[in-house]
Amino acid sequence: MLEILKRRFRTGIVTTGYPAVPDIAPPGFRGKPELSGDRCTYCGDCVSACPPGVISLEKVNGEEKLTLSYCGCIFCGRCEEVCPYGAVKLTQEYELASKTKDDLQTIIRRKT
Amino acid sequence: MKSQYVDTIKKEFKEFVIGDPALVNETYLTLKKDTNVMAYVDAIRKEFGGLITGEAVLRNEVYLTIKKEANVKICDYLYHQFNTPLVSIFATDERKTDGHFKVHYVFSCDREDAFIILKINIEEKSPQYRSITSTIPVANWYEREIQDMFGLVPQGHPDPRHLIHFEDWETGLYPLRKDFDIRTKPKRVKGEYVYRRVDGEGVYEIPVGPVHAGVIEPGHFRFSVAGEPILNLEIRHFYTHKGVEKLFENIPFDKAVFLAERISGDNSVAHAVAFCQAIEKIAGVEIPPRAKYIRTILLEHERLYNHLGDIAGIATDVAFAFGAAQANMLKEDLLQLNEYVTGSRLLRGMNTIGGVRRDIGDNKDKILLKLSTFQQEFRKLMELLMETPSVVDRIETTGRIYNDIAKELHVVGPAGRASGIDRDTRRDHPYAAYRELNFKVQAHKSGDVYARTRVRADEVHESIAIIEQALWSLPEGAIKNEVKEIPDGFALGYTEAPRGETIYWVRTEGGRIERCKVRDPSFCNWLAIEYAVLDNIVPDFPIINKSLSLSYSGNDM
Amino acid sequence: MTVENEIEIMGQRLNEKINNMFGRSLHIREVDAGSCNACEVEVTALSNPIYDMERFGVHIVASPRHADMLLVTGPVTRNMELALLKTYNATPSPKLVAAMGSCACNGGIFGDTYASGGGVDKFIPVDVYIPGCPPRPQAVIFGLMVAMDKFEQKIRKTEVKA
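Residue numbers (our numbering), protein chains in the order written: chain E, -15 to 96; chain R, 78 to 634; chain C, 4 to 165.
By construction, these hints were calculated from the structure, which means they are not laboratory data. Backbone N, C-alpha and C fix where the C-beta goes; we use that ideal spot for every residue, glycine too. Treat the hints with caution; some may be incorrect.
What the hints assert, rightly or not - To be clear about the criterion: a stretch of chain E counts as covered by chain C if any three or more of its residues have a C-beta under 8 Å from a C-beta of chain C, and this derived list gives those stretches:
{"hint": "1", "segment": "-15 to -8"}
{"hint": "2", "segment": "35 to 47"}
{"hint": "3", "segment": "57 to 63"}
{"hint": "4", "segment": "85 to 91"}
Here chain E stands alone, though its shape is the one from the complex (with noise of 0.2 Å):
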């Protein structure tokens, strides 16, 4: 008993103090993954690498359209493993919950 009660003592308050006080995930985290429509040339490695599928590409009236929907996204990292022109990139972000599926997606495109 008295063994309990110093060792609830020693360790005192470990609780975070998250939401109110913001949480960084570590460096590595792999988190929402982003496109940069600037780098990305519509090769489609991306698609064909993503392992639920989560990433397409259009082409429609002259335009290319490559989505990404995070609904689904299970956050490997394939896509930023695969493109060869940096255009994916996995950032730290991981505060994704969203009320509809429409938000859950980036889209970018260009004309061909």
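Following the hints, position chains R and C against chain E.
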């Protein structure tokens, strides 16, 4: 005469003897001298020459094709005569190549670091074969699984009910047959699942699940009780069946690694490494030494946080909230360390075919520092737990699995080692860097919750020692060898997951996976819980369940 | 205005909302609809002393009949479909549903197959999606806050023309 043998065995082959040396017979002794798996094969040839129709030796795997009618006889001989555990049974659909289904029985020759695989051919026209369950009870679920997934009927099986499919599954649809499309959505039909009944005065049933009161996975438990003691428990699982084995056949190799990680979430590394090892064996690729060490470190990290989680769970279930909170804090420390080192709290995304994806060498000091403080804290925690009478009283003699039952049901991992089964894939079939590292396999005898807790606690210290050794002797060099082409072939991959032996058998064809059989440790250990709870009281069930640390997802896939 | 002030105001607004909807607290029933158990590891972590969900008045309850919210993980397997629907129907209204993890959001790596349903929203209406494989405990806390309208969601659809 017999005692002489026993003495010789004890002296000379101490490290080899599994179980009671008094049961070891003469054949066993002669075999011991020749530590070569071919001696086993020679013995089978001598005994059953005419019944063997084909032989192939690949690395440490011996494939023997035997006549379909001889399966019971030869399996029985191999299993009982040589004490080789049956570690997996699976079927393949090879109708395309030679018009047959095949059923494989995988026996592990632990002392020789080898596997003997018996194969029988089954014609499509008569999809039946003789069940071996009555002689080898381990086969029970495997045969029912094959029946559901391939439509091959084990004749004489004592319990031929559906296992994976539920009562609303349409008959005649077998997902793992090649002509079944993965996207099919079979319609639901009417049916009924019959539970075993226990009748008697005052006997009643308690159905539990699939949605439980705690944060655990779905599964159904049906207790037959008279007052508090449990007379019978029937478990019904496969609620989380996600068609993983079929999915493997439909995705490329690099994606399959991520799928393997998600078969049993808290055993991600063990599954991914087992899968990668099977593919690397097929491709004939040796991974760089640094990658081997990193894999070992990751595997041990995984064991650490899993064991801590189990100990925390046991403390919660015996209502020792303070100990549970302390254990959970230590577990959280480990998860945060994992995240810092690998970018994922559950160590995901680290393995790839040919090596690892990320180097962890830079974090050596951080890991060592964290682990040394962790070890001190953990030691104090275990002292606290084991010296609290309310904890020890609840866990001693609770949920006992005796050695003979454990052996009969092939209980693996810490649960097996707590029942005196001295098996550990890391030592018996060394992989990654385990051959070069020193560690002791922790085994206890009593087989109760107490012993399982002890085994885990001891393994935590062993794991820390392994990580320290591996970090100090981490070789320089690349972390990945490029694997360009994967030829047609088949191989076994195996690891010792925190829950026990994990076995993969992969067959590749034309640059894709033709069949991938996954055997998660929980698939073996679930059957043991039906025995472990007998004569225990209902309130002790959660402790027993937690102490066996069973994965529903890994079992159901 | 300092950050603390801002948080305080936000907290007040949230309290009002929760008070209106659910009294002071949120009771959650976690339903595993076929996850790989990684999400369960993280949900369990939410009640450890580090994250301690109870400080927000968030409890995990034993029955859906006591719950205000279902926290669903997993792609909804064929065998769990009925159990999920029954659990949903047993939860009294008004109720919230959170889909936790990538499989719950749209099937993730398990996709839509003979055994896997491909996401919770195909079976029951979902109020908040929490992506991650598995999401960190902080991400789950954030998601719960978003569901309760305590926090504004951060992510918005982005469309960039090159």
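Now for the hints, and whether the structure bears them out:
1. -15 to -8: violated (count 0)
2. 35 to 47: As far as the segment 35 to 47 of chain E goes, the hint holds, because 4 residues have Cβ atoms under 8 Å from chain C.
3. 57 to 63: Result for this restraint: holds, n = 4.
4. 85 to 91: That given contact holds, which follows from 7 residues of the segment 85 to 91 of chain E lying within Cβ reach (below 8 Å) of chain C.
In terms of the numbered hints stated before, the structure departs from hint 1 and from no other.
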